[in-house]
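J.: From first to last, the protein sequence lines are chains A and B. Just so you know, the first sequence maps onto residues -15 to 203 in this note's numbering. Just so you know, the second sequence maps onto residues 44 to 377 in this note's numbering.
These are computed hints drawn from the structure, not numbers from a lab. Some hints could be false.
Said to hold, decoys possible - Below, simulated PhoX-like cross-link-like pairs (lysine-lysine); rule was C-alpha separation at most 25 Å, straight line:
(1) A:K172 / B:K93
(2) B:K90 / A:K172
(3) B:K345 / A:K172
Claimed, not checked - The calculated label-pair distances, taken between Cβ atoms and stated as ranges, are:
(4) B:K343 / A:Y4: 57 to 63 Å
(5) B:L94 / A:A168: 34 to 40 Å
(6) A:E176 / B:K271: 31 to 37 Å
We put the beta carbon where it would ideally sit given N, CA and C, even for glycine.
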Amino acid sequence: MKAIISKEKVIIEDLGITLYPGSVRWLEEEEYKSSICLKVLQKMGKVQVMDSKRHKKKKENKESSNRVNRAARKYRSPPHNKPKPPSSNSGPNMVTEEEARRLAELAAKKAADNAVAQLTAKFTEFMERSNPSPTPVETGGIEQAVQQAVSQALQSAKIPTNSQGVASELAPSSGPEEPIFIPAGIVKQDSEDLSVQITSSKDENIDDAVAALKALKKK
Amino acid sequence: MAAKKHTLGTGLDIGTMNIVSARREGGDTTTNRVRDAFLDLESGAKKMLKLSGVNFIDRGEDGIIVVGDAAMEMANVFGREARRPLSQGLIAAGEMEALDVLGVMIKSVLGDPKAKGESCYFSVPASPVDADRDVVYHKGVFERIVTECGYTAYPSNEAMAIIYAETAKEGFSGLGISFGSGMCNLALAVVGVEGLSFSVARGGDWIDAGAAKATGSTKSRICALKEKGVDLMAPEGREQEALALYYKALIEYCIDQTAREFAKIKDRFALPKPIPIVISGGTSLAGNFVPFFEKVFEKKRKRFPIEVSEIRHASDPLNAVARGLLIQAMQEEE
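Extracted from the complex, chain A is given alone in its bound form:
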């Protein structure tokens, strides 16, 4: 048997299983071996897989009793009202709730350490590429800096709480308050005038329109 512990909600597609943070799921050896998704998640540090033994016999018994056909059920002896053992009385091979929590925390810490290590490596690589000087980069300081930056970013990260989260994210970044730069001195006073096409026409309507507009504005 394998104990699968996750530190966050993960879906193991090819097994059709959803694991929730801190939950422990037991899997048969064959199931574990056949699941590619699980192995990928394990490599990513999303889940932790532990070898363990479980009350296989008990499960088998339970399963076999479940398989009894309906016709036989009425002749079956009534189920034992066996009290469920408290978690603290679990055997040495069982994972208790506390242990599972501890393991989950351990896995989470490991994943976080991994992430920081990966970030540091990427950052170092980037620095080496952009600055090909032979001076070695002090990774210890960078690691600290990355850790600080990540923690600061996490602290300052705002999670949208309104129901229009998407809409507010899509709101335009520029608004009427945004300053618009218009350069001065577009018209050069010393520039030569271009020759333009000039037309002239008698147009009495314009004077009438001006008078009508003036009257309208006075009203």
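Starting from the known structure of chain A, fit chain B onto it as the hints suggest.
T.: Same frame as chain A, but now just chain B:
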């Protein structure tokens, strides 16, 4: 001979294809027009251009810029596309070269003010309903240019200018449509009060591009064919038929968008009586444009939410906007 008496106030229509100013001199209305296009050339072409009397801006070592109609002609000679300072009716932020060209063009069409701080109403398109473009920068740029030319700048809605120029007898009530090159501007007004104004990012250029694509031709060829004259009611040949198809699509689009936009304000805006639709703009100069518009409109009239008394062409479609702006500027000066 006595000099003509100038009436203060000037109108300036800044379009994608043309920049037009209008001024009242004596009893006449004078319009100055320049083609809103330019072409950059090597310094070597300077001598040849000087001899031919073509408009150009000398940029020293950076070459020269041919401006106006000559840019279009030279572009055809050199097999190049003339550049436009405005795209789809609006200037793009960061187009510094275009700004310089616009500065020269506007200074040339406006001339010097006749009095210090003379009023100049300049056209600004309404925000397009179908494109994410902002008119704020556009308005700011032209406000600065007009001010630097010595005028007091007043931005004014392009389609509303048609209402002022063409619907005085209806008490400044109507639906004005400016079919421009880069976009179409629409405004609905009742007794001079603007109830609705918007623009669509489609116009003559959209027709050219669509018809060129449909027929495997080029935009400039289609544009030349269009300007040569095409009868929309009786198109001849594949290219003209394609043009008519795109004209129809543009008209339908404008009608549908008007209905859609009007639906948003119908509860707040009452139309006491039927109003006219007044059509203007360079794109409306195609042969039989107004009968063609009427034909398209008749199919949609039943579902059109505004009662229309008549559909008519502006008395001077190419200068209607500039004239409407002039009327506002003159009223400001009185």
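J.: Would you mind marking each hint as holding or not holding in the structure?
T.: For each hint, the structure was consulted:
Distance check on the hinted pair: K172 of chain A and K93 of chain B sit about 21 Å apart at the alpha-carbon level, within 25 Å; holds. With a CA separation close to 23 Å, the supplied pair K90 of chain B and K172 of chain A stays within the 25 Å bound. Between the alpha carbons of K345 of chain B and K172 of chain A the distance comes to roughly 54 Å, so the proposed pair goes past 25 Å and is violated. Remark: the range hint 57 to 63 Å for K343 of chain B to Y4 of chain A is upheld by a beta-carbon distance near 59 Å.
For the pair L94 of chain B and A168 of chain A, the beta carbons lie near 36 Å from each other, so the given range of 34 to 40 Å is met. At roughly 33 Å, the beta carbons of E176 of chain A and K271 of chain B sit within the given window of 31 to 37 Å.
Going through the hint list in order, the structure does not satisfy hint 3, though it satisfies all others.
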